[in-house]
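Trainee: So the chains spell out like this:
There are 2 protein chains.
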Amino acid sequence: MQESKTFESICNLLRNHSYKVTHQRQTILQTFMEHVDRHLSAEEVYMLVKHRDPEIGLATVYRTLDILAEIGVLLKNDFGDGRSRYEFSRKDEQHHHHHLICLHCGNVSEFDDDLLESLEAVISKRTQFKVIDHDLKFYGYCKKCEEAL
Amino acid sequence: MQESKTFESICNLLRNHSYKVTHQRQTILQTFMEHVDRHLSAEEVYMLVKHRDPEIGLATVYRTLDILAEIGVLLKNDFGDGRSRYEFSRKDEQHHHHHLICLHCGNVSEFDDDLLESLEAVISKRTQFKVIDHDLKFYGYCKKCEEAL
DNA sequence: CTATTATATGACAAAGAGACTCATTTGCAA
DNA sequence: TTGCAAATGAGTCTCTTTGTCATATAATAG
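Taken in order, these protein sequences are the chains called A and B. By the working numbering, the letter at position 7 of the first sequence is numbered 7, and the numbering carries on one by one without gaps. By the working numbering, the letter at position 51 of the second sequence is numbered 200, and the numbering carries on one by one without gaps.
These are computed hints drawn from the structure, not numbers from a lab. A portion of the hints provided could be inaccurate.
Said to hold, decoys possible - Heads up, incomplete: computed chain B residues facing chain A, CB under 7 Å, no partners named:
no. : residue
1   : Y168
2   : K169
3   : V170
4   : K225
5   : F228
6   : D230
7   : V257
8   : A270
9   : K279
10  : V280
11  : I281
12  : D282
13  : H283
14  : L285
15  : F287
16  : Y290
Cβ coordinates follow ideal geometry from the N, Cα and C atoms, glycine included.
Based on the provided sequences and hints, a complete structural model is requested.
Mentor: Okay, structure coming up:
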C-alpha cells in the first residue's frame, strides 16, 4: 500500500530516483521533518538548517527542496507572500486539502473537503478543459487574529 | 445600482479617490480596455502602451495597475507564472469566477460557479476561521493543447 | 487665465526570490 | 581504493517589483 514517509524511506526514494543521499540532503530532510506542522519557505529551512550545519549553502536548500517536491515527498505551495512554501505531501489523500490563509498573521491552516471532485467533473462536462489538478485557498482571519482585532 | 465600467466612469472613480487623471493613466486604461479578453501582466501592458506613447515608463504602468486594483477596477491575479496578471473586476459578480490554467500554453480561461459559497459556510462552521475571500484555480489542458498532445 | 502645490512621472537603483556557473568535493559502484 | 558522475558552495545573474528623487503636471484657488 502506501509506504509511510519515514526518514529512511525517503532516503530510499532519493536513491530510487538516482539522487545521491548526501549529508546535506539528510540534514535538510531531518530539519524539515522536525517542523511538519509549519509551511516553511526555502529561506526558513535554510535558517533552521544552519544551526545543525553552518556549512550548508542556500542554493543546496533550494535544490534539495525542489528534488523532494519532484519525487513527491514535498508539495510546493504558493500562498501569495512572494516565496514558495513547502509541506509534506500526504499521498494517502486522494484530493489534497485546502489552505486557510490568515490575512493578518499569515499563518496557514488546513481544511479537508472533497467538494471539488464533483466540481472538476462539472467543468469537464461544461467546458473543453481537461482538469488535472486544482488549488483552493481561502483568505480571512484565524481565530486568534479575529479576536485581537 | 452598479455603475457600468466605462472609460469615463473609471476616470471619475480615480478622481473620487483623489487620484489625478493623467494622460498616462488614461492611455494605460484605454489600452487595457482594448484587451479585456486577456489576463495581462504589467510588462505586457507596458509593451502595448509603448505603441501609443513610447514615453510612458514601466514604473508608471506598475503604479497605475496597482491603483486600478486598489479602487476595484482591476483584479490582481497570481497564476503561478511569476508575475501578477490583471483582469477587469466585474463587481456585479457576487462571487468571482474561477480560473482554468492550461499547463501547456499558459492560457487562462474562466469558469463560473457558486459552489464555494456553501463551502465557505461549512468552513466557518467547522473551523474558527473567518473566510473573507477565496481563490480557486484549476490546472489542466485546454482543448487546443489537449488535441495537439 | 495664471499661480500654486500636492501628486505623478521617468529614469535609474535596489530589493528579494530563486536560478545559473563553475571549480571543487563527494557518494557510491566497480 | 579508484573513478567519475552528481552534488556542493560561493558567487553571479535574472527577473519582477518597489523605492528614490529631481522634474513635470493635474487640479485647485485666486
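Trainee: Look at each hint and say if it fits the structure.
Mentor: Hints, one by one, checked against the model:
{"no.": "1", "hint": "Y168", "verdict": "24 Å, violated"}
{"no.": "2", "hint": "K169", "verdict": "30 Å, violated"}
{"no.": "3", "hint": "V170", "verdict": "30 Å, violated"}
{"no.": "4", "hint": "K225", "verdict": "10 Å, violated"}
{"no.": "5", "hint": "F228", "verdict": "10 Å, violated"}
{"no.": "6", "hint": "D230", "verdict": "11 Å, violated"}
{"no.": "7", "hint": "V257", "verdict": "11 Å, violated"}
{"no.": "8", "hint": "A270", "verdict": "12 Å, violated"}
{"no.": "9", "hint": "K279", "verdict": "5 Å, holds"}
{"no.": "10", "hint": "V280", "verdict": "4 Å, holds"}
{"no.": "11", "hint": "I281", "verdict": "4 Å, holds"}
{"no.": "12", "hint": "D282", "verdict": "4 Å, holds"}
{"no.": "13", "hint": "H283", "verdict": "5 Å, holds"}
{"no.": "14", "hint": "L285", "verdict": "5 Å, holds"}
{"no.": "15", "hint": "F287", "verdict": "5 Å, holds"}
{"no.": "16", "hint": "Y290", "verdict": "5 Å, holds"}
Hints 1, 2, 3, 4, 5, 6, 7 and 8 from the earlier list are contradicted by this structure; the remaining hints agree with it.
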